[in-house]
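Engineer: What follows is the residue order along each chain.
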Amino acid sequence: MAIAEWLQKLKVGELSARELVDQQLARIKSVDNELNAYVQVTAERARKDADRIDKARLAGESLPPLAGVPLAIKDNLCTKGIRTTCSSKMLENFVPPYESTVTQRLWQAGGILIGKTNLDEFAMGSSTETSAFGATSNPWDLSKVPGGSSGGSAAAVAAGECMASLGSDTGGSIRQPASFCGVVGLKPTYGRVSRYGLVAFASSLDQVGPFANNVADTAELLKVIAGFDPLDSTSLKVPVPDYSATLNDSIKGLRIGIIKECFDQIGLDAEVKDSVLSAANHLQSLGAELVDITCPRFNDGIATYYVIAPSEASANLARYDGVKYGFRSANTQSLSEMTALTRSEGFGSEVQRRILIGTYALSAGYVDAYYKKAQQVRTLIRRDFDNAFNQVDVLLTPTSPTTAFTSGAHENDPLGMYLADLLTIPANLAGLPAISLPCGFDQNGLPIGLQLMANVLDEARLLQVAHQYESTAEVMKARPNTAELVP
Amino acid sequence: MSDSGVAWEAVIGLETHVQLGTESKIFSAASTAFGDEPNTHIDPVVCGLPGTLPVLNRKVLEYAVKAAMALNLNIAEHSKFDRKQYFYPDLPKNYQISQFDEPIAEDGWIEVEIAEKGKETYLKKIGIERLHMEEDAGKLVHAGSDRLSGATHSLVDYNRAGVALAEIVSKPDLRTGREASEYASEIRRIMRYLDVSDGNMQEGSLRCDVNISVRRGSEAPFGTKVEIKNMNSFSAIQKACEYEINRQIKAYESGESVIQETRLWDEGKQLTKSMRSKEGSSDYRYFPDPDLGPIEVNSDLREKWRSELPELPATKRHRYANDLGLSIYDARVLTDELPMAEYFEATIKLGADAKSSANWITGDIAAYVNANRLNFDQLLLSPKYLAEMLEMIQSGKISGKIAKEILSDLITKGGSPKRIVEERGLGMISDQKVLTSIVKDLIVQYPNEVDSYKAGKTKLLGFFIGQLMKKTGGKADPKLANQIITKCLLD
Chain P
15 MAIAEWLQKL
25 KVGELSAREL
35 VDQQLARIKS
45 VDNELNAYVQ
55 VTAERARKDA
65 DRIDKARLAG
75 ESLPPLAGVP
85 LAIKDNLCTK
95 GIRTTCSSKM
105 LENFVPPYES
115 TVTQRLWQAG
125 GILIGKTNLD
135 EFAMGSSTET
145 SAFGATSNPW
155 DLSKVPGGSS
165 GGSAAAVAAG
175 ECMASLGSDT
185 GGSIRQPASF
195 CGVVGLKPTY
205 GRVSRYGLVA
215 FASSLDQVGP
225 FANNVADTAE
235 LLKVIAGFDP
245 LDSTSLKVPV
255 PDYSATLNDS
265 IKGLRIGIIK
275 ECFDQIGLDA
285 EVKDSVLSAA
295 NHLQSLGAEL
305 VDITCPRFND
315 GIATYYVIAP
325 SEASANLARY
335 DGVKYGFRSA
345 NTQSLSEMTA
355 LTRSEGFGSE
365 VQRRILIGTY
375 ALSAGYVDAY
385 YKKAQQVRTL
395 IRRDFDNAFN
405 QVDVLLTPTS
415 PTTAFTSGAH
425 ENDPLGMYLA
435 DLLTIPANLA
445 GLPAISLPCG
455 FDQNGLPIGL
465 QLMANVLDEA
475 RLLQVAHQYE
485 STAEVMKARP
495 NTAELVP
Chain H
394 MSDSGVAWEA
404 VIGLETHVQL
414 GTESKIFSAA
424 STAFGDEPNT
434 HIDPVVCGLP
444 GTLPVLNRKV
454 LEYAVKAAMA
464 LNLNIAEHSK
474 FDRKQYFYPD
484 LPKNYQISQF
494 DEPIAEDGWI
504 EVEIAEKGKE
514 TYLKKIGIER
524 LHMEEDAGKL
534 VHAGSDRLSG
544 ATHSLVDYNR
554 AGVALAEIVS
564 KPDLRTGREA
574 SEYASEIRRI
584 MRYLDVSDGN
594 MQEGSLRCDV
604 NISVRRGSEA
614 PFGTKVEIKN
624 MNSFSAIQKA
634 CEYEINRQIK
644 AYESGESVIQ
654 ETRLWDEGKQ
664 LTKSMRSKEG
674 SSDYRYFPDP
684 DLGPIEVNSD
694 LREKWRSELP
704 ELPATKRHRY
714 ANDLGLSIYD
724 ARVLTDELPM
734 AEYFEATIKL
744 GADAKSSANW
754 ITGDIAAYVN
764 ANRLNFDQLL
774 LSPKYLAEML
784 EMIQSGKISG
794 KIAKEILSDL
804 ITKGGSPKRI
814 VEERGLGMIS
824 DQKVLTSIVK
834 DLIVQYPNEV
844 DSYKAGKTKL
854 LGFFIGQLMK
864 KTGGKADPKL
874 ANQIITKCLL
884 D
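One line per chain: the protein sequences are P and H, in this order. So in our numbering, the last spot in the first sequence is 501, and the numbers never skip. So in our numbering, the last spot in the second sequence is 884, and the numbers never skip.
To be clear, the hints were calculated from the coordinates, so they are not data collected in a lab. There may be inaccurate statements among the hints.
Each computed DSS-like pair below joins lysine-lysine, with the alpha-carbon atoms no more than 27 Å apart [unchecked claim]:
hint, chain 1, residue 1, chain 2, residue 2
1, H, K618, H, K517
2, H, K847, H, K826
3, P, K251, H, K452
4, H, K618, P, K386
5, H, K564, H, K473
6, P, K338, H, K532
7, H, K826, H, K806
8, H, K811, H, K880
9, H, K872, H, K811
10, P, K387, H, K868
11, P, K251, P, K94
12, H, K790, H, K847
13, H, K864, H, K880
14, P, K251, H, K833
15, P, K251, H, K864
16, H, K880, H, K826
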């Protein structure tokens, strides 16, 4: 059910918020043992919130834009009084005394928290397998991963366990799971959405964004969460446009860039490539102009990212030392032992790997060769995009080189896992907005994702093109009903 | 100089941490109040809770820039914050937000007046390398014992964490302990003039670390540098430097080496002792803080802040000595604290003589202020009434002796000196008729003495003046009395 459809039902009394919440909770109960999309379900609070919405409706009060919409929140966004774990043993029992700005805005808009979703520990991963609370499965095929790190949020939307959700995207953590789970996921421009209350992984790359079943719902959520926040110095003081208002505008004459380097990838699955190129042709049939674009530094993104992100992470995660909150190793005899054991027992191996990489990259004698060099390459990647957006309005690529891979496929191959983010990382490095939406299925019936990138703050354009595709492409009509996915 | 005849020279540089006196912390709205219950001035940002972000307090930037301007530093148009990483429980995030390679201000100087008993006072220009902004750390409290060594556990208080600091790094231009302490005290004075810090060393609002080495003469290469911490007064800075200079010279002369280390000043034992060796420098893995944008101070803002700077102590000292003709000593004393200088200036603005104003203010009035732990801006004796009193002395309406007598009332009770003098009839009797009539009575009363005087015993003039003073309660104008008595005795 789309948000607009729901609001109409609520308005006319066809379905109450309480009934919807109960339906969602029942759905979670029936499928989440298999999926493990949720770290925590906030049933009691959801019912209370729903009752409040129903009461307000009966009292004739005007309803806010997300009234009664059941929402799932990635468990690295702080929710006041509700455990926020980052799917880590380190924060297993951490209860934030404050609310993140984005969730605060959702609740103010009438949204209902239905639960906190699973992720790769501290958002470090591309499969939601590194969670300390077990892996999440892909609703389309339980033997496959949902992608990551926002795998729980993507799977919950795909399996009908919520109406929409929030994730965070540092190198593709919204778009790649959206692609794997066949839903829409948007990473906004860096600074478009406040990071206050998002547990930091890599501060210069992290951005919160929505998952939804369709582009219109994605636009609704973005409208609510976007905008300046005085608590985040990196949030942009720019007015938020009405993203829904321009969804139906024609894309005639719009120039869409096809990045050559993306389609020349060695690891790019042929089915994915064909599907994405057909999507491009479909957009052309709607009046858009396709332009070949070259971004020579595009493929340097992954190396650059795996220096910058771990460097920032090594500092961001230094605070977890067992002194103030979170896990503390038992029976340690000295301060240095307490710090060391707390961190080696509290963090999983992927988190430790990245902290070590980052610590190394920032160390005296290496910082110039790694961290500073990576920053220079980052500038060059940005320039490639500046150049591209002088020629086109939107760039088109696959979201991921493959469809959802089998659980455990990259267990002993971290580099193979890192390559899953090859196509999504450049948008983070350049701070650009990017969206992933379903554009077809592989021979096993797994969804394929199409990535669109736009210039800084041009989310409206992304949503417009995505909506035009979604509402006209034949291939999407073959999509199964969410309820049929996980019976 | 030492026994061996080598002209040893000490090379000293100071790192001064000044707590900027903003109401709230550098990156959050938590209070900066000192001395309250542990962990009462904290919030999620101060504690570095997951997901929190720093936002720069604009007042901190203003204070830092004003401090930098007063130290003649160049203000950077663009600067940034960096993360300085090390693990310690008093540092909530295990990194300190500081400024590394692009500080807010660089390359300045101050002029320091080096005054020492028994030595000639001289001026010295001390270079300042840089000033940067950073956040303070919390404090560890070791429990279970009086001493760290026996402590069973440690507690941490984050009230101080996140208080804004300006770190001021001098160039290695200082040569003696006295120079070091005068430099530090001039920094404090400037900060207090600007009202950007209370400079309270006991409460830790101003903390100095000393870097010190000695070398064989001013041309020789630098010796091994030792850092000294834990001095909480200016005299401790001087003594610690002097102790350390001697220790290092002795070490070199007895063929030992000086190792690069951090030493603590032990105020009780009056010596420095080794705290930890600094083999190789620590790797703080600095990198730009991605949570904070660039710091931009445009020229309009710079000019606005510059225009708000007060006249600084060195300028005042020069003006008092050169334009007002005060002694270097008086100029120094008057300008030590701004309220005293302002009191002095308000007094002379009302027409009072600079020299006598200085005498009264630095003398009896300062003594009272100090004895009662007051501040000059709290005095009941306003500059207006002080000026009035000085005018009365000047014009002969009261004597200096009477002025001293009424001063304590003026200070403790306030009010106009004119009125007090009137009410108590303390004004000098300068009326010729009144005095002449009293003198005539005296001549009738003491005929023998009059005769002796006339016979040449002129010393008796003193006797008559004494009698006159007795009759007038000491208020007769002495000059006039002299004239009148001489005249009457000869009639």
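Engineer: So, for every hint listed, does it hold in this structure?
Structural biologist: These are the hints, each one checked on the structure:
1. H:K618 x H:K517: Holds - the C-alpha atoms of H:K517 and H:K618 are around 23 Å apart, at most 27 Å.
2. H:K847 x H:K826: 23 Å, holds
3. P:K251 x H:K452: 21 Å, holds
4. H:K618 x P:K386: 31 Å, violated
5. H:K564 x H:K473: 22 Å, holds
6. P:K338 x H:K532: Within the cut-off at roughly 14 Å; holds.
7. H:K826 x H:K806: Given that 27 Å is the threshold and the Cα spacing comes to 35 Å, the pair is violated.
8. H:K811 x H:K880: 32 Å, violated
9. H:K872 x H:K811: 22 Å, holds
10. P:K387 x H:K868: 89 Å, violated
11. P:K251 x P:K94: Holds, because 26 Å separates the two Cα atoms, which is no more than 27 Å.
12. H:K790 x H:K847: Status violated; Cα separation ~33 Å.
13. H:K864 x H:K880: 19 Å, holds
14. P:K251 x H:K833: Cα-Cα ~94 Å, so violated.
15. P:K251 x H:K864: 86 Å, violated
16. H:K880 x H:K826: Judged against 27 Å, a Cα distance of about 13 Å means the pair holds.
Violated hints for the displayed structure, listed by number in ascending order: 4, 7, 8, 10, 12, 14 and 15.
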